[in-house]
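Participant: Based on these hints, arrange chain V on the given structure of chain Y.
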Amino acid sequence: MSAQHAGQLAAAAALLALPFGLSDFWVFISVEVLAFALYAVSFNLLLGYGGMLSFGHAAFLGVGGYTAALLVKQSGLPPALTLACLPFAAMFVSAAAALIIGLFSVRRVGIYFAMLTFAFQMLLYAVALKATPLTGGDDGLTGLKPPGFLAQPRAYYYFALALTAVSLYVLHRVVTSPFGYTLRALRANALRVQYLGVNVRAHRLAAFVVSGAFAGLAGAIFALVNGNVFPGWLDWTASATPIVMAVLGGTGTFLGPAVGAAVYVVLEVLISGRTEYWPLMMGIIIVILVLLMPEGLTGLWRLAMVRRRGGVGGVPLSTRESR
Amino acid sequence: MLELIAQHFAWAQNPVVLARQTLAGISNGMLLFLISAGLSLIFGVLRVLNFAHGALFMLGALIAVSTAALLADPLAGFAAALIGAAAGLALLGAAIETNLLRRIYRAPHEMQLLLTFGLVFILGDAAKIIWGREEHSIGMPAILTGGAHAFGLVFPLYRLFLIAAGVIVAAGLWLTLYRTRWGIFIRAATMDREMLSALGINTRRLFTAVFALGAALAGLGGALAAPVVAVGPGLHAQVIVDAFVVVVIGGLGSVLGAFIASLLVGLVNAFGILAFPSASVVLTFACMAIVLIVRPRGLLGTIE
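Protein chains in written order, with the numbering used here: chain Y, 3 to 325; chain V, 121 to 424.
Any given hint might turn out to be false.
As the list claims (entries may be wrong) - Calculated pairs, SDA-like style, for lysine to any residue (alpha carbon to alpha carbon, straight line, at most 20 Å):
| # | chain 1 | residue 1 | chain 2 | residue 2 |
| --- | --- | --- | --- | --- |
| 1 | V | K248 | Y | E278 |
| 2 | V | K248 | Y | G275 |
| 3 | Y | K147 | Y | C87 |
| 4 | Y | K132 | V | F396 |
| 5 | Y | K132 | V | D362 |
| 6 | V | K248 | Y | W28 |
| 7 | V | K248 | Y | S274 |
| 8 | Y | K132 | V | H128 |
| 9 | Y | K132 | V | A399 |
| 10 | Y | K75 | Y | L152 |
| 11 | Y | K132 | V | V388 |
| 12 | Y | K132 | Y | L72 |
By construction, these hints were calculated from the structure, which means they are not laboratory data.
Okay, chain Y solo, but in the shape it has when bound (with noise of 0.2 Å):
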């Protein structure tokens, strides 16, 4: 067994057992955690491989939690048909949402991608606001509860790991698959991956549908454990945090967004817990990231790795091409 194998194996066992050393409150959190990993790892199949950087990608999170919400409040019916049809529903109607939105939005590249899909996220953000026969409006949809005996925190928190390991493998496999290497080439010189005879727009929209579907089921594992969904989801705002957790972790790994994320969620409780100017805090640690770590977590463990090594500190350990 390689040590690659072994460590794999310790972080399952690590994840299966965390339940248990763990008060009710931070089974809450892990499971915050889970959703938002998957969160930030389906938007680095688009900043990351695709070099597609949205600025919308809460909208999806906002309709796969949105449809979570309304699956188990409005739908009737029996808990274990609930659970049963709740990864697929959210999935379906955001990677839906996805296809429309990528439609209009894969046709512009760099700031101008963002600054489309950020309007149609705004766009959702209003519908959520206003159509308040389904949305709730203002106050949106509270007091959800998973059903039947996923109630019980660390029941909720496997069906959470298995949905989210589940999610993360598959969405490995995209990477590693011929179409996660166009995406990567289509990163380092879209031009030249077209004169290849690629369809460049169809694997952007394709690469942001699988992006939107997953994001869907990461709100609808977090709208049942937050216990409520109301139009901040949707806010520009909350399309800024997976862009912080994915640069946090380190944009150039598959994982590293992941890592990203778990970072940001605790940080959050912790510091929220002591200050109210949390706000202020995540600005600094922002500032500081962009400023002295843009490589992340992620790159400065390669960073002191290579060093242990006794390889040269400060190479540019990024294989990322600036666009």
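Facilitator: Below, chain V without anything else, positioned relative to chain Y:
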């Protein structure tokens, strides 16, 4: 059915309502122009989308509140507030550009976006620490209160003043951009920064100046808005979203586009609230989405 629709749009035949909403729409559009002109100018030259621009607008309003309180005479206080807000924000803008933004011009887009996004939170909380969480307001100088009577209608004077101020700033901006040496440099920088710098122009100083100018316009906008809005910690969030809508519709980097789109968004807001009271927010974003779908670069934007 038709009667219902006619009833719903009955306000459209009421000249008082029409005049009031038009005036409100245009004057709010002018405030939007002050903030979006800077946003657009900064993007055009620095290629950075400044998310903190709404926070700069809010700081302008707060500085205006504090400056106006220093002087006993309301008119002098108001004039000092306008000058103080613009000057204070120009200094802050120059400090932000030289200490922070300058380091990330070559970084990927997400880094630039994150840096200005981080600034939103820092400036927002700094404002809470300095000015508190409560909402402030300043009075209008006596000569700008009341209304002007014309065509049997009453027009609030301050609204007319806002429109005049907007037009004066727009004209000043146009003169700066098209009739001065710095204006030529700014317009050249939006086309090709490398070429400009190769021709021996000090682009570092130009970038600082443009960011300071954009920040000063936002500060002036905040000060002008101070008598008609609640000046508090939540002010920047709504303002930046509106300003984004404006620059996206007008075309990133185009000041004239920002002017046209500001009027458009101001009027859509003013009449949207009458026509579709429950969906007026949706209307502006729908406008933005439609413009982007039909003409992705915005009304007057250039292709990247």
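Participant: Decide, hint by hint, whether the structure agrees.
Facilitator: Here's how the hints hold up against the structure:
1. V:K248 <-> Y:E278: Within the cut-off at roughly 11 Å; holds.
2. V:K248 <-> Y:G275: Distance of about 18 Å is within 20 Å: holds.
3. Y:K147 <-> Y:C87: holds (15 Å)
4. Y:K132 <-> V:F396: holds (11 Å)
5. Y:K132 <-> V:D362: Holds - the C-alpha atoms of D362 (chain V) and K132 (chain Y) are around 17 Å apart, at most 20 Å.
6. V:K248 <-> Y:W28: Given that 20 Å is the threshold and the Cα spacing comes to 31 Å, the pair is violated.
7. V:K248 <-> Y:S274: holds (16 Å)
8. Y:K132 <-> V:H128: holds (19 Å)
9. Y:K132 <-> V:A399: It holds: about 6 Å lies between the C-alpha atoms, which stays within 20 Å.
10. Y:K75 <-> Y:L152: Holds - the C-alpha atoms of L152 (chain Y) and K75 (chain Y) are around 15 Å apart, at most 20 Å.
11. Y:K132 <-> V:V388: holds (17 Å)
12. Y:K132 <-> Y:L72: Since the Cα atoms of K132 (chain Y) and L72 (chain Y) sit roughly 16 Å apart, the hinted pair holds (cutoff 20 Å).
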